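Asks: Required output: the full structure, derived from the provided sequences and hints.
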Amino acid sequence: MENAYALSTVYLKDKGVTQGEIADIGERQSKMPGVAVGLYYQREGSKNSDESLASLVGGVSKSGLPEERVNSLLQEGYSRDDTVGISGLEKQYEDTLKGTKRRIEINVNQQGNTTQKVLYGGKAGSNLHLTVNAKFQKDVQEILKSQMPGGLTQGAYAVVMNPKTGGVYAMGGVNRLNDGKLQDDALSTINRAEVVGSVVKPAMITNGLLHGTITPENNTIVDQPIRVAGTSVKASYFNPTGAQSIPLTASDALEVSSNSYVMQLMLQMAGQPYHAGMTLNGLNTNIFQTMREGFNRFGLGVKTGIDLPGETAGLRGDTDRSHIGNALDETLDSMIRIQRCS
Numbered sequence: 000m001e002n003a004y005a006l007s008t009v010y011l012k013d014k015g016v017t018q019g020e021i022a023d024i025g026e027r028q029s030k031m032p033g034v035a036v037g038l039y040y041q042r043e044g045s046k047n048s049d050e051s052l053a054s055l056v057g058g059v060s061k062s063g064l065p066e067e068r069v070n071s072l073l074q075e076g077y078s079r080d081d082t083v084g085i086s087g088l089e090k091q092y093e094d095t096l097k098g099t100k101r102r103i104e105i106n107v108n109q110q111g112n113t114t115q116k117v118l119y120g121g122k123a124g125s126n127l128h129l130t131v132n133a134k135f136q137k138d139v140q141e142i143l144k145s146q147m148p149g150g151l152t153q154g155a156y157a158v159v160m161n162p163k164t165g166g167v168y169a170m171g172g173v174n175r176l177n178d179g180k181l182q183d184d185a186l187s188t189i190n191r192a193e194v195v196g197s198v199v200k201p202a203m204i205t206n207g208l209l210h211g212t213i214t215p216e217n218n219t220i221v222d223q224p225i226r227v228a229g230t231s232v233k234a235s236y237f238n239p240t241g242a243q244s245i246p247l248t249a250s251d252a253l254e255v256s257s258n259s260y261v262m263q264l265m266l267q268m269a270g271q272p273y274h275a276g277m278t279l280n281g282l283n284t285n286i287f288q289t290m291r292e293g294f295n296r297f298g299l300g301v302k303t304g305i306d307l308p309g310e311t312a313g314l315r316g317d318t319d320r321s322h323i324g325n326a327l328d329e330t331l332d333s334m335i336r337i338q339r340c341s
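Residue numbers are given in numbering that gives the first Met the number 0: position 49 of the sequence shown equals residue 48, and the series is strictly consecutive.
Some hints here could point you the wrong way.
Said to hold, decoys possible - Straight-line alpha carbon distances no greater than 27 Å define the calculated BS3-like cross-link-like pairs of lysine-lysine that follow: (1) 134 / 144; (2) 137 / 90; (3) 12 / 97; (4) 97 / 122.
Please keep in mind that the hints were generated in silico from the structure rather than gathered at the bench. Owing to the predicted nature of the structure, the values given are computational and were not obtained by experimental measurement.
Replies: What follows is the structure, given as structure tokens:
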């Protein structure tokens, strides 16, 4: 009742109402003016969907306005006991789904009797038609669960889209908990950052081409272990000792996923061609920005603009002089913890 104010409707109990309580109110209706029994709605998801879809749809508040948003929502015309979207599509499309309230003019005479006049009948909220297919979403989720590797694998995630329209058909995600159990977590596809691994190598090589560091005709670099003063040796997986040091073109480097190639490419882009035992003292920290601008062109490290709340663009590693050695790592597995849906 603390949220109530004069002549407003307040729900004292909206679930678990017994037949006995309904009868008690009915018997005492004449002594309890303004108190009545009515119908109330309850959100219920499709029985053919799973928890992953429910997390995308989101939920609504169950006890009035959420505390952290109460002031802003009151300014928008909400009442304290209103239901409001608090997550997922329910939150993103609150203005579309909520509709508009009925407006009533109430007059109270000297005897305390009231009369009312409807000024506006109100309007139901609009419906959302999702591109997500509930059955397909469930199937994708099951595939992720059944095919996720064991060992140190912490999760598996997939977004299925129509590349022509941008429509999302499914967003699946599974996290492995500390006890080994699997947990549905579709929203991790947009709100959790990951080190993306060698997927950044094509972006790195394209960046080198765009900056003229390499050209379609001149792009050969010898794969060799990278020995920089003050850091541990960094090498390609197929050539850890240098016994397999061979010249690679850009396409060769991508085919064998050469770590050495992209690290040397970065050094050339920064104006510091590699030689064994070199230091990174003269490396300009602007190289971080140069690389990241290249990654951004491929949607890495930027938001997609998906219509769900909470999307992250990823976490960016430090780029000051004391972290200049990280530039080597960023070429091959990206110190930008990329948001997965990008």
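Asks: Now tell me, hint by hint, if it's right for this structure.
Replies: Hints versus structure:
1. 134 / 144: 15 Å, holds
2. 137 / 90: 23 Å, holds
3. 12 / 97: 21 Å, holds
4. 97 / 122: 9 Å, holds
The structure fails none of the hints (numbered hints given earlier).
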